[in-house]
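Protein sequence lines, in the order shown, are assigned to chains A and B.
Residue numbers for the first sequence follow the numbering used here, so the first one is 270 and each next one is one higher.
Residue numbers for the second sequence follow the numbering used here, so the first one is 9 and each next one is one higher.
It is possible that part of the hints are untrue.
Quick list of the computed label-pair ranges, beta carbon to beta carbon [as the list claims (entries may be wrong)]:
#, chain 1, residue 1, chain 2, residue 2, range
1, A, Ile613, B, Trp143, 29 to 37 Å
2, A, Lys642, B, Pro97, 58 to 66 Å
3, A, Asp458, B, Asp36, 28 to 36 Å
4, B, Pro97, A, Ile299, 28 to 36 Å
5, A, Ile548, B, Glu18, 40 to 48 Å
6, B, Arg59, A, Pro561, 25 to 33 Å
7, B, Asn15, A, Leu317, 35 to 43 Å
8, B, Asn142, A, Lys658, 36 to 44 Å
9, B, Asn127, A, Lys440, 58 to 66 Å
Treat the hints as calculated values from the structure; they're not laboratory data.
All C-beta atoms, glycine included, are put in the ideal place defined by N, C-alpha and C.
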Amino acid sequence: MGNKKIIPIGPYHPLQEEPELFKLYCDGEIVRDIKWETGYNHRGIEKLSESKTFDQVFFLVERVCGICSTSHPFAFANCIEEIANVEIPDRAKYIRSIIGEMERIHSHLLWVGLAGHFLGYNTVFMWVWKYREPILDLFEIITGNRNSYAMFKLGGVRRDIPNHLIPSIRKILAEFIPKLDLITGAVMDDPVIHARTKGVGVLTKEDIIDFAAVGPTARASGVAIDVRKDDPYAAYPLVNWKVITAEEGDVFAKTEVRLLEMYESVSIIEQCLDKLEHIKEGEIDVKVKNVPEGMGTGHAEAPRGEVFHFMITDGGYTPVRHKIRAPSYVNIATFKKSCVGQTISDATISLAAVDPCYCCTERMAMVYDYFTKKPLMGTRELLKLSHEKTENIRRRI
Amino acid sequence: MNPEIKNIIEDLKEKFDPEILNITEKNDKRVTVDIPGKAIINISQYLYHDRHFRFIIASALETKKGFEIYYHFSFDRTGLIMNLHVILPAEKPEIESLTGSFEGANWIEREMHEILGINFLNHPNLEKLISQGNWAEGVYPYRKKPLS
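Using the sequences provided together with the hints, build the complete structure.
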C-alpha cells in the first residue's frame, strides 16, 4: 500500500448502523484501495439450524436479518417445500407476496432515508422515515409486529388477512402513493442530489457479472435479474408487474430503481388484495407430515437482491446442512470497484449504495430506575405495552 | 422441459463426456451434475463464459464420503439452478480456486477454507473472512465426526 494514509470507517461508526470495518487507503483525497473486515456479529446460524426442527428453523432464519425478516423465511419455505413437494393454497400464496412486497417498500424507504442522511440531506431522512411509519403500522395490524412478523410456516402462513381488513389496507396504500410521489419528486429533481450521486460509485455490467452481484445493485447496471420473474414463486406469476432497470450503474441509478420498484410493489399488493377478496377465508395452510430425505434449493427476491437457501435432509426432523447466502454477501464485495478512484466524501455514499446489511438483530430491552438502579420494566411489561399499542392501531383504522 | 435447458444438458454431456459422472434432474429447473474435482475449472468456465450462467454461491459439508462441495449456478432467463457436485477426499481436501474465472467465488472460498479447512489452490488470498483474529488455528467449526 506504500505510504498511503489509512482512513478507517468503523467498527462502530455513525455511517452504518451495524459493525464493520472499512480501511480506505487514500492518496490525498482519492481512495486508492479498500480493505474490509466483517464477521463482528457472526452468529453461526447455519450451524445452529442443524440443531433445530424444520418448524423452528423458520423462526431462526427470520432473525438472520432484522430488515428483511420475511425474505429468509420466504427462501427457506421455497427450499423446504421443494424437498417435501408441497403445493400451498392460493390464499397463502397471495398473503406471502403481500408481506414480501410490504417489506420491500419499508426496506427501500429505510434506505432512501439513510442515503439522504449520508449525503448530509437530513430533510429527506426525516420525511422518508416519517412516511415509512404507516407501512410499519400496516405490518402491526396484519401480523401483530412491526418487524420479525413470524407469518411463514411449512405449508402456508400462520395468520390470515381477514377480508374485513382489506378496505383499511387499501386506504393506507392509497394515502401512501401521494407521499411516495412527493419523495420521488424530491429525490429525482433535486440538483444537489444529482450532483452528489450521478457518476458516483459506478458499477458496469461486467463488474456485476464478475462479482455475481444481485438485486437493485445489478438492475441499476442494466442486468435485469429478478427471482420473482426468472423463477416465479408464491403469487408473483399470477399478477402483472415489471422489472425496473436502469443503465448507468451509479448511485443515482440505484436510487431510481428502488424508488420506482416501490410503485410496482404497491401495484402487486393491490392486485393480491383483489384476488384475496374472491378466495374463501381461512384456507391458508396444508398439513405436511414429514420432510423426506433429499436436497433442495430455494431463492427469493429480498429488497437487497436474491436470498439463497440450500438444504440437505436425511428424512429426520432437522437439516443435515443448511447454507444461507444473503444478498449483501455478494454485493459488498463490489466496493472494490465502486469506491476505488473516488474521493473520500463520495466513497461513503458508494459504500451505502448497495444497501449493505450486516445482519444484526440481537437485542434486549430493560428499563432501570436511574436512582435506585432497580428494573422498572422487563420483558413482560414491555410485551404488555406492545400489545396495547397494536390494539390501539387496530382500533384507529 | 424448456428446450434451452435440454440443449444445455445435452451439450454438457457431449463436451465433457468422461468427466460427467451423473446428472440428476429433480424437476424442470433443478439439475445436479456430479463431476470429479479436477474438472471443476473447465466445466464452470464453460457454464460461466460460454453459457452465461450466474454464480450464486457454493455450499460445503463434511460427510462419510469426505468433503462435498455444491457449486450453485443459475441460468436466470429460465430459472434453472444447476448444482455442480464434487467430492474431495477427507485426508487431503483441496480443489482449484474459481477466482481466476470470476471474482464472485473469492469470499465463499475463503469462508469454506475457514470453516471446513478445504484448501483452494491458486486462491489470491486465503485469509479468514468471518473470524479474523478470534478463532484458533487449525480448528474448523463446521467439521463433523461422521459415524463409521
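Hint-by-hint comparison with the structure:
{"no.": "1", "hint": "Ile613(A) <-> Trp143(B): 29 to 37 Å", "result": "32 Å, holds"}
{"no.": "2", "hint": "Lys642(A) <-> Pro97(B): 58 to 66 Å", "result": "59 Å, holds"}
{"no.": "3", "hint": "Asp458(A) <-> Asp36(B): 28 to 36 Å", "result": "46 Å, violated"}
{"no.": "4", "hint": "Pro97(B) <-> Ile299(A): 28 to 36 Å", "result": "48 Å, violated"}
{"no.": "5", "hint": "Ile548(A) <-> Glu18(B): 40 to 48 Å", "result": "42 Å, holds"}
{"no.": "6", "hint": "Arg59(B) <-> Pro561(A): 25 to 33 Å", "result": "31 Å, holds"}
{"no.": "7", "hint": "Asn15(B) <-> Leu317(A): 35 to 43 Å", "result": "42 Å, holds"}
{"no.": "8", "hint": "Asn142(B) <-> Lys658(A): 36 to 44 Å", "result": "39 Å, holds"}
{"no.": "9", "hint": "Asn127(B) <-> Lys440(A): 58 to 66 Å", "result": "60 Å, holds"}
Hints 3, 4 from the earlier list are contradicted by this structure; the remaining hints agree with it.
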